[in-house]
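Residue numbers (the working numbering), protein chains in the order written: chain A, 1 to 612; chain B, 1 to 392.
Because the hints were derived from the structure by calculation, they are not lab data.
Just so you know, not all the hints are guaranteed correct.
One side only, chain A facing chain B, incomplete, derived with CB under 7 Å [said to hold, decoys possible]:
1) A8
2) L11
3) L15
4) G26
5) Y30
6) R38
7) A209
8) V214
With the C-beta cut set under 10 Å, the calculated list includes, among others, these residues of chain A facing chain B [claimed, not checked]:
9) F12
10) F21
11) Q23
12) R33
The C-beta atom is built at its ideal place from N, Cα and C for all residues, glycine as well.
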Amino acid sequence: MTSFAALALLLFGVLIARLWFLQVIGGGEYQERAEANRLRTVITEAPRGAITDRNGKALVTSREVLNLVAEPQQVGGARSTAALRRLSVALDHPPGFFAAKVRKAQEARPFEPVVLEEETGPELQAYVEERASQLPGISLRAAYVRDYPQGSTAAHLLGYTGPIPAEQAEQYADRGYVGNETVGRAGIEAQYEQYLRGIDGREQVEVDARGEVVGRGVLSRAPAQPGETLRLSIDLKVQKALEAALREEVRGSGVSTGAAGVALDPRTGAVLALASYPTFDPDVFQSGTPREVRRVLTAAGRPLLDRAIAGEYPAASTFKAITAAAALESGLYTPGESINSPGSVTLYKTLFRGFNNLDHGIINLVTALEVSSDTFFYELADRSFRRQGWPFQDWSRKFGLGRPTGLDLTEGESAGLVPDLAYKRRTCDRATDPINCSWRPGDSVNMSIGQGNVLVTPIQMAVAYAAIANGGTIVTPTLGRAVVDQDGRVLRDLVSARASRPLGLKKENADIIRQGLRRAANGNGGTATPVFGALPRSAQVAGKTGTAENPSGIDHAWYVGYAPADAPEIVVAVVVERGGQGANAAAPAVCRAMSAYLGFGAARCGTGAKAN
Amino acid sequence: MATLPGQVPASPARARAQSALAGIDWWLLGAALAVSGFGVYVVKVATEGDVPGDPGYFFTRQVAYALIGLVALFFVLRLDLDRLSRYVWTLYAILVASVGVVLVLGSSARGSTRWIEFGPIRLQPSELGKVVIAFVIAVVVVERIKSMDSARLSLLVAGVTALPAGIVFLQPDLGTALVYAAIALAVLWVAGQPITHFILFGTVLVGAAVLVLYLLPALGVNVLQPYQVDRLTSFVDSGADRSATGYQLEQSKVAIGSGGAFGKGPSGATQTINDFLPEHHTDFIFAVVAEMFGFLGAGLLIAVYLIIIWRAIVIMREAATELERLLAAGITAMFAFEVFVNIGMNVGIMPITGIPLPFMSYGGSHTLTNLVAVGVLLGIARRARLPGPRGA
Numbered sequence: 001m002t003s004f005a006a007l008a009l010l011l012f013g014v015l016i017a018r019l020w021f022l023q024v025i026g027g028g029e030y031q032e033r034a035e036a037n038r039l040r041t042v043i044t045e046a047p048r049g050a051i052t053d054r055n056g057k058a059l060v061t062s063r064e065v066l067n068l069v070a071e072p073q074q075v076g077g078a079r080s081t082a083a084l085r086r087l088s089v090a091l092d093h094p095p096g097f098f099a100a101k102v103r104k105a106q107e108a109r110p111f112e113p114v115v116l117e118e119e120t121g122p123e124l125q126a127y128v129e130e131r132a133s134q135l136p137g138i139s140l141r142a143a144y145v146r147d148y149p150q151g152s153t154a155a156h157l158l159g160y161t162g163p164i165p166a167e168q169a170e171q172y173a174d175r176g177y178v179g180n181e182t183v184g185r186a187g188i189e190a191q192y193e194q195y196l197r198g199i200d201g202r203e204q205v206e207v208d209a210r211g212e213v214v215g216r217g218v219l220s221r222a223p224a225q226p227g228e229t230l231r232l233s234i235d236l237k238v239q240k241a242l243e244a245a246l247r248e249e250v251r252g253s254g255v256s257t258g259a260a261g262v263a264l265d266p267r268t269g270a271v272l273a274l275a276s277y278p279t280f281d282p283d284v285f286q287s288g289t290p291r292e293v294r295r296v297l298t299a300a301g302r303p304l305l306d307r308a309i310a311g312e313y314p315a316a317s318t319f320k321a322i323t324a325a326a327a328l329e330s331g332l333y334t335p336g337e338s339i340n341s342p343g344s345v346t347l348y349k350t351l352f353r354g355f356n357n358l359d360h361g362i363i364n365l366v367t368a369l370e371v372s373s374d375t376f377f378y379e380l381a382d383r384s385f386r387r388q389g390w391p392f393q394d395w396s397r398k399f400g401l402g403r404p405t406g407l408d409l410t411e412g413e414s415a416g417l418v419p420d421l422a423y424k425r426r427t428c429d430r431a432t433d434p435i436n437c438s439w440r441p442g443d444s445v446n447m448s449i450g451q452g453n454v455l456v457t458p459i460q461m462a463v464a465y466a467a468i469a470n471g472g473t474i475v476t477p478t479l480g481r482a483v484v485d486q487d488g489r490v491l492r493d494l495v496s497a498r499a500s501r502p503l504g505l506k507k508e509n510a511d512i513i514r515q516g517l518r519r520a521a522n523g524n525g526g527t528a529t530p531v532f533g534a535l536p537r538s539a540q541v542a543g544k545t546g547t548a549e550n551p552s553g554i555d556h557a558w559y560v561g562y563a564p565a566d567a568p569e570i571v572v573a574v575v576v577e578r579g580g581q582g583a584n585a586a587a588p589a590v591c592r593a594m595s596a597y598l599g600f601g602a603a604r605c606g607t608g609a610k611a612n
Numbered sequence: 001m002a003t004l005p006g007q008v009p010a011s012p013a014r015a016r017a018q019s020a021l022a023g024i025d026w027w028l029l030g031a032a033l034a035v036s037g038f039g040v041y042v043v044k045v046a047t048e049g050d051v052p053g054d055p056g057y058f059f060t061r062q063v064a065y066a067l068i069g070l071v072a073l074f075f076v077l078r079l080d081l082d083r084l085s086r087y088v089w090t091l092y093a094i095l096v097a098s099v100g101v102v103l104v105l106g107s108s109a110r111g112s113t114r115w116i117e118f119g120p121i122r123l124q125p126s127e128l129g130k131v132v133i134a135f136v137i138a139v140v141v142v143e144r145i146k147s148m149d150s151a152r153l154s155l156l157v158a159g160v161t162a163l164p165a166g167i168v169f170l171q172p173d174l175g176t177a178l179v180y181a182a183i184a185l186a187v188l189w190v191a192g193q194p195i196t197h198f199i200l201f202g203t204v205l206v207g208a209a210v211l212v213l214y215l216l217p218a219l220g221v222n223v224l225q226p227y228q229v230d231r232l233t234s235f236v237d238s239g240a241d242r243s244a245t246g247y248q249l250e251q252s253k254v255a256i257g258s259g260g261a262f263g264k265g266p267s268g269a270t271q272t273i274n275d276f277l278p279e280h281h282t283d284f285i286f287a288v289v290a291e292m293f294g295f296l297g298a299g300l301l302i303a304v305y306l307i308i309i310w311r312a313i314v315i316m317r318e319a320a321t322e323l324e325r326l327l328a329a330g331i332t333a334m335f336a337f338e339v340f341v342n343i344g345m346n347v348g349i350m351p352i353t354g355i356p357l358p359f360m361s362y363g364g365s366h367t368l369t370n371l372v373a374v375g376v377l378l379g380i381a382r383r384a385r386l387p388g389p390r391g392a
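This is chain A alone, in the form it adopts within the complex (with noise of 0.2 Å):
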C-alpha cells in the first residue's frame, strides 16, 4: 500500500519537474512565442507619389486596386486547402494552383500575405466578399499600381516600376525596404525614388487563432505615408509634339530605323521634352505578361534604348558650329576674313570633296555656316592642323562632348567620343596599317565637319547650342524640377542646386556663330530656310542642319536650332536614323516641337528640301 503513496509521489514529482523546466526555465523562450501567436503586423501599403508636368499634368499616378491575397498564418488547414481549390477552379486555374503559389511564396517569406491575383476585377471581387465564411484566410487587400494617363507619352524618361531585383536585395535593405516593395527600376522612378516611394503603414494588432481582430485591438499604428509628388520640367503639349514627329518621321521614310530628340530651356537647362523612338508601353513591365516583357526586351528596333541620352551619332555637321568656335577663338581665323570654298579641295595630295561639290566661292564664316560649305572648314582643318595644340578636341570638351551631360538619369547616358591622339593610338592597327597610329590631316579635316569618329548625343548637341543661344554658359540639363506636396507647394527645389560653368567663349565671336546659324535658317542661301523661312519674327530659329554618313547605309538626318533666335527660350536637337538630308527629315521636327512651346502654328513649318 505504501507503493501506491510513493508512484503517487513519483509521478507528480516528473510532473513539478516538467513544469519547472516549461515554466521557470523555458518561460521567457514561450512568452515570445505566446506574443508571436497574438501580435499581428498588418502592413498598409503606401501609394507611390505621382510624376507630373511642369505644369501639374500627371504624367504616372498610382491607382488603388484590390489584390486576392492569403494569409500565410491561416491558410494551413484542411478548410484552406479546400478554399484555394475551389478558388482555384472558380478562375479557371487547375486544381493545385493556388496552393502551389502559396507554397512556393512561403518558402521564400514564411510570414508575409501571399499575393494571389492581382487587379481583382468586379466578379471575383463579389464572388470573394459573398463566400467570405468559407475562405479563411483569403482577402482582398488594397495595393497600388501605376498608371500612366499619357499611355507611351515619356517612357523612356519616365522608366517603370518593378520588384526589387534579388541582386540588388541587399542595397535595398539599408535603404529600410522590406524586400517585397515595388520600386523604380529605371528613368526617372529610379532616379527619384527617394522621394517618389512612400512609407507602407504598419499596425500591430492583437488577433485570436482564426485571425480575427479582437478586444485590445490595434496595440500601436504607423500610419501610411504616400510617396511625394515629383515635378518634372518636361512640357507635356512640346513632349507630345516632339514625339508625334519623330513617329511621323520615322514612318513616313520607310527606312529609318528611329530618332531621338531634346528641347531644353537654354537658360535653364530644364529639358522641356526628351524623346526615342520607337517607343514602349511602360506598363508592360507591370502587368504584361512574360512573353510581352521578352518581346520589349528583345525587339530589333531596341524600344528601350533612350536615343536622345544613349544613342551615338556622328555630329556632322551641327559640328560646325563648335569648329567655328574654335577657330575663332584660337585665331586659326580672323573675323571678316574670306576663304576660297569651291566644291573639292586637294589637301596633302588628298582630294576632299565638299557636300554635292558644291562650289560656294569666296565666302567668310558667317555665310560658310549659311550654306554648310564643307570645303570653308577643311580649309580651318588644316590651319589647325598645321599648327601646335588641339583647338577643335579643345573646345569640343569645353562644349561639353565627350562626357555625359549631367541630365539627372545617372543611368544610360553615354559619353559620346572627342577623337584625339590618344585615341588613334588606343585604336589603330599597328601590324596592318602603322600610319594611321598618328593623328593625320584627314583626321582634322573630318573632324571639322563632325565626321570622322566624332560621335555624340542628342542631349550633347542641346546643351552645345544652348551655350550658344545663352551667350556662353554650360547648363547641366535637369528633368527633375521639384517634390511638391499635395496642393502643389514645394517641399524641395530639385533645379537650384544644378551647376553651369562659363564656356569662355567671347561674345563678340558667339555673336558671329549666331549670325550664321540665323541665316542657315532664314538668310537666301540657309540650309533650312525651307523649313524656317516663314516663321515670324517672334520665332526666328537659329540653327544648323547635319547630315551625318552612316557608314551602314542611308545617312543620319540632324537638326538642331534655337528661338526665338534674338533672346532664345528653347533649343531643340533632333537625330533621324537614316533619314537623309537634316533639313527633310530633323529640321521640321525641330519646327513642330518649338511651335508647341512657343505658339505659332505649326503649319508654318516648311517641309524642307534645300542641301545638308
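Given chain A, work out where chain B should sit, using these hints.
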C-alpha cells in the same frame, strides 16, 4: 457546513445535520470541493468569449453539474455497498449494455459518440462506468479470492474489464478504456495478486500498443484512425508534427511555458482567451491554469491533487471491509491515473488520450462521476470511523 466535529448540537435539525456529517473526511471533501470550485472559476474565465453572446454558457452549466454532483455525493455516501454487491451482475450488465448502445449509435452517426441523449440530458455512460467497474471488480475479487486459483482470478478480472473497456475503446475512447485497465490493475495489486501477473499484463499491453501503432500499419492493417495515431505519437516530437494534434500540443506547451513563474492572470492569458489553445475548458484546462497562474498556481493545484490521493490512500488503509478496501484502491487509481495522464499530456510527456482532469474539466458526466467517487470514498471512511451498525 459550518458545523465541525465535537460541537454541541443546539437543535434537532442541527443534530440531524451533525449526524449526516459525522465521520466525514474533511481533508478529502475540502480538497475535492476546493478543486471543483476552482474548476468552475477557471471554466468561467476561460470560456467567456467562446459562445458569442453568452459569456456564461459553460460556466452556468458547470455550476449546475457540480451541484448535481454534490447531491449525488451525499446520496452515495450513505449507500450500503454490501447490499449493492448482490446486484453486481445487474450493474455490470447495465454498464455493458449502455456503452454498447453508445457504440451502436455512434457508428450509425458520423465518427465518435460518447453520449446517450435523454431529451436535454446527455449522459456519457462510460464515465460513471469507471466507478461501476471498480465496484464490479472489487466484488468479483472479494468473492473469489479464497476459492479461486490466482491465475484464473486475474484472467477472470481481465475478461470482466476487457468487455466494457473494449467497447469503450471502439467508441472510440481510448482514454477511458485505459482508465478501466488502470482501475483493474490497482484492485488486483491491492488484492495481493502475484507480481508475475502484472509483468504479463504489462507485456501484453505494450505488445498490443506496438502491434496497433507500428506493426499492423506496416502490414497495411489500420486499426486506429490516422488522427488517433497522431494523438498517441505526437508527444514524442510535437514540433515536427503539423497535424491538428501537434498544433494542440504545441499551443498547450506555449500556454503553460508563457505562464512563467507567476502566471499572466485571467485577462492576460492570450493563449486561452484568444483561442490558440483548443479544448481549453476540457482536456487542456490544466494548461489554462498554468498560463493564468504560473508555476505557483499549477504547482499548488498538483499539491491539492496529492492531498486527495493521500486521503484516498488513508481511507483505503482504514477501510472496514475487504470490498471497501479494494473499491477504494480502484478509485484511488482512477484519480491518480487521470490526474497524471491528463497533466502529463498537457505538458507534453504523455500521449494525448482524451482523459479529462478530475474536478476541473468541463463536463456533466465527468463531474458527476468524480463527486460520486468522492462520495464512495467518504462513505468508506465514515463507516470505518463511526461506531455502531454499518451503514448508519
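Hints, verified against the model:
Given the 7 Å rule on beta carbons, the hint for A/A8 holds: about 5 Å separates it from the nearest Cβ of chain B. With 7 Å as the threshold, the beta carbon of A/L11 comes within range of chain B, its nearest partner Cβ sitting at about 5 Å, so the hint holds. Of the supplied interface hints, the one on A/L15 holds, with its beta-carbon coming within about 5 Å of a beta-carbon of chain B, less than 7 Å. For A/G26, the interface hint holds, the least distance from its beta-carbon to any beta-carbon of chain B being 5 Å, beneath 7 Å.
With 7 Å as the threshold, the beta carbon of A/Y30 comes within range of chain B, its nearest partner Cβ sitting at about 3 Å, so the hint holds. At its closest, the beta carbon of A/R38 sits 4 Å from a beta carbon of chain B; the interface hint therefore holds under the 7 Å criterion. Satisfaction of the interface hint for A/A209 is found here, the shortest Cβ-Cβ separation to chain B being roughly 4 Å, below the 7 Å cut-off. Checking A/V214 against chain B: minimum C-beta separation of about 6 Å stays under 7 Å; hint holds.
For A/F12, the shortest C-beta to C-beta distance to chain B is roughly 6 Å, which falls under 10 Å, so the interface hint holds. Contact between A/F21 and chain B, as hinted, is supported at the beta carbon level, the nearest pair being about 9 Å apart and thus within 10 Å. Hint status for A/Q23 relative to chain B: holds, with the closest Cβ pair at about 4 Å, below 10 Å. Against a cut-off of 10 Å between C-beta atoms, the interface hint on A/R33 holds, since the closest Cβ of chain B lies about 5 Å away.
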